[in-house]
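Quick note, the sequences are listed as chains A and B, same order. Just so you know, we're using our numbering here: the first sequence kicks off at 1 and counts up by one. Just so you know, we're using our numbering here: the second sequence kicks off at 1 and counts up by one.
To be clear, the hints were calculated from the coordinates, so they are not data collected in a lab. Note that this is a predicted model, so its numbers are computed, not measured. One should not assume that every hint holds.
[Said to hold, decoys possible] Listed next, the in silico DSBU-like pairs over lysine-lysine satisfying Cα-Cα at most 35 Å (straight line):
no. : chain 1 : residue 1 : chain 2 : residue 2
1   : B       : 35        : B       : 24
2   : B       : 112       : A       : 241
3   : A       : 35        : A       : 112
4   : B       : 35        : B       : 112
5   : A       : 268       : A       : 112
6   : B       : 24        : A       : 35
7   : A       : 268       : B       : 241
8   : B       : 24        : B       : 42
9   : A       : 35        : A       : 268
10  : B       : 35        : B       : 268
11  : A       : 268       : B       : 35
12  : A       : 24        : A       : 112
13  : A       : 42        : B       : 268
14  : A       : 268       : B       : 24
15  : A       : 42        : A       : 24
16  : B       : 24        : B       : 112
17  : A       : 241       : B       : 241
18  : A       : 24        : A       : 35
19  : B       : 112       : B       : 268
[To be verified] What follows is a list of derived Cβ distance ranges for each label pair:
no. : chain 1 : residue 1 : chain 2 : residue 2 : range
20  : B       : 249       : A       : 276       : 42 to 50 Å
21  : B       : 271       : A       : 164       : 50 to 58 Å
22  : A       : 44        : B       : 260       : 41 to 49 Å
23  : B       : 249       : A       : 25        : 54 to 62 Å
24  : A       : 242       : B       : 279       : 44 to 52 Å
25  : A       : 61        : B       : 256       : 42 to 50 Å
26  : A       : 256       : B       : 76        : 28 to 36 Å
27  : A       : 288       : B       : 129       : 38 to 46 Å
28  : A       : 81        : B       : 245       : 50 to 58 Å
[Said to hold, decoys possible] Residues of chain B placed beyond 10 Å of chain A at every Cβ, according to the derived structure:
no. : residue
29  : 50
30  : 55
31  : 107
32  : 241
33  : 276
We put the beta carbon where it would ideally sit given N, CA and C, even for glycine.
These are the residues of each chain, in order.
2 protein chains.
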Amino acid sequence: MFERIALIGLGLIGSSLSHVMRRKGLARHIAGHAKTARTRDKAVELGLVDSIHATAAEAVAGADLVILCVPVGVNAAVAAEIGPHIAPGAIVTDVGSVKAAVIRDVAPHLAKGVHFVPGHPVAGTEHSGPESGFAELFENRWCILTPPAGTDPRAVARLTAFWEACGSHVEIMDAAHHDMVLAITSHIPHLIAYNIVATAEHLETVTQSEVIKFAAGGFRDFTRIAASDPVMWRDVFLNNKEAVLEMLARFTEDLTALQRAIRYGDDKALVDLFTRTREIRRGIIEAGQETPAPDFGRLGGKAPDGAEPL
Amino acid sequence: MFERIALIGLGLIGSSLSHVMRRKGLARHIAGHAKTARTRDKAVELGLVDSIHATAAEAVAGADLVILCVPVGVNAAVAAEIGPHIAPGAIVTDVGSVKAAVIRDVAPHLAKGVHFVPGHPVAGTEHSGPESGFAELFENRWCILTPPAGTDPRAVARLTAFWEACGSHVEIMDAAHHDMVLAITSHIPHLIAYNIVATAEHLETVTQSEVIKFAAGGFRDFTRIAASDPVMWRDVFLNNKEAVLEMLARFTEDLTALQRAIRYGDDKALVDLFTRTREIRRGIIEAGQETPAPDFGRLGGKAPDGAEPL
């Protein structure tokens, strides 16, 4: 599908892309770059790349597809470095969780004949690093592309075909809308997960060992996403500030209303809300974005035989 | 271990108790009661009980252990009904997620020779109903007992042995402390999970279908616990009001600080927080309360071979 694909960054997403590209034969040659020698060595050891490069500029030379798989805060510097070395006609894309900031940071560094099609595979685990990737990560997940106005539709079509070959569904949307959708479906969930772990850490009446022991009551679920990569997430929040603050204001407003319902014992409001949320869960399961198997934190989340789904 | 155990309520916890009691031979006879005929029929069909009773009063007659497995808001009425029918020397316990309110509601209805030892198995799934139970639910989970001052230590020891036979570790603590610990490890996580689902529902700029499609970005994890039983959770919040409001105030305070860090671009504060939260996750995994396998919402959360743990 492509002659030479350059992966800039070889963490969870970069390494997973390598696995699926190998399995589906999407690149004749995979050129890789990672910032640290440790990751570069590991990538070679794991067979993730056909050639490894100490600089991003070297990695992109001659590539017909360049995929930036770095924390979004690094994009500007990487784009400045690779811009002059990208072959005319090549497609440049990324996998960042914010899109308006990526366009702002990357587009100015690319030459006229280079096609920039920003992308975001909505897939991941709480793990990071070159060892954490696997070929199935993108299967049945959505990849959002946010091509700026005037992007060559053929480049968008090629990248769409690439992600579909990786097992994903592709949706095209405006970068600003993407940032709003992801603020509520991903950024705020991570933020409040990080936050409750912090709140638990500060308590003087409840010990950390008690929090850990009794985590099965619900807290556990939050620590999973609060174990995600710290630098990646710092960059997401700082680069999607407006949408995050807007969604956070709404979240806090709703939480205040809920707090008030508890304080004044408004039982009807509570049951109504708690019943409606089940519907959305069902929608997510029906859409194939979650399994209905009960998760109780053991056996990798698999329930023993006999436990029936929702 | 017991001659006759009465299960009042046959939902997730009641039915799971039946399965594990059968497997481990903990009761010669299991007497069951459920409010609805549908649940009673289902319990008989599933073999959960040796005798089924249309009233709780009938179910407890002659039992040497009575376990209340109903939403905590129902305890007062149930205790008033069964109080006069409980055999002297019997142990009465419950499985509610709040403990001070349960003591307030149940203790006054019990005769002098009856031993009341409130309990809370910190275990569950997002499912409910008599079909959702399974014998392994309590395995390697903590069960907290909160005997009021003056409780016969032999009754506490017998109930401890019972829960250990079910596979649990037992911790004894004060009811007020329990309610504080669970407010942060269970009640607030559920509350904010319910809340973010509500926030997502209200948005006019992001559609419900978009929220569902892109739930894999983190939102999905919250919908799991927000799919828990609405009536059970209403009762938890209304019966642990003070601790929940106290923890919620701290959560909101921390969230405001985090919001401020984002607004003013305090990148160091963000990375520091996001790094510390990983430690607590590791503690929970080391304590056996969670699996290290990455969860990406498929295969029942099981990662394919090759994906390495954190």
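Comparing the hints with the structure gives:
no.	hint	verdict
1	B:35 with B:24	27 Å, holds
2	B:112 with A:241	61 Å, violated
3	A:35 with A:112	27 Å, holds
4	B:35 with B:112	27 Å, holds
5	A:268 with A:112	60 Å, violated
6	B:24 with A:35	56 Å, violated
7	A:268 with B:241	16 Å, holds
8	B:24 with B:42	22 Å, holds
9	A:35 with A:268	55 Å, violated
10	B:35 with B:268	55 Å, violated
11	A:268 with B:35	21 Å, holds
12	A:24 with A:112	31 Å, holds
13	A:42 with B:268	28 Å, holds
14	A:268 with B:24	41 Å, violated
15	A:42 with A:24	22 Å, holds
16	B:24 with B:112	31 Å, holds
17	A:241 with B:241	34 Å, holds
18	A:24 with A:35	27 Å, holds
19	B:112 with B:268	60 Å, violated
20	B:249 with A:276: 42 to 50 Å	25 Å, violated
21	B:271 with A:164: 50 to 58 Å	36 Å, violated
22	A:44 with B:260: 41 to 49 Å	43 Å, holds
23	B:249 with A:25: 54 to 62 Å	56 Å, holds
24	A:242 with B:279: 44 to 52 Å	31 Å, violated
25	A:61 with B:256: 42 to 50 Å	48 Å, holds
26	A:256 with B:76: 28 to 36 Å	30 Å, holds
27	A:288 with B:129: 38 to 46 Å	24 Å, violated
28	A:81 with B:245: 50 to 58 Å	52 Å, holds
29	50	20 Å, holds
30	55	25 Å, holds
31	107	22 Å, holds
32	241	6 Å, violated
33	276	7 Å, violated
Figure legend: structure checked against the earlier numbered hints; hints not met, in rising order: 2, 5, 6, 9, 10, 14, 19, 20, 21, 24, 27, 32, 33.
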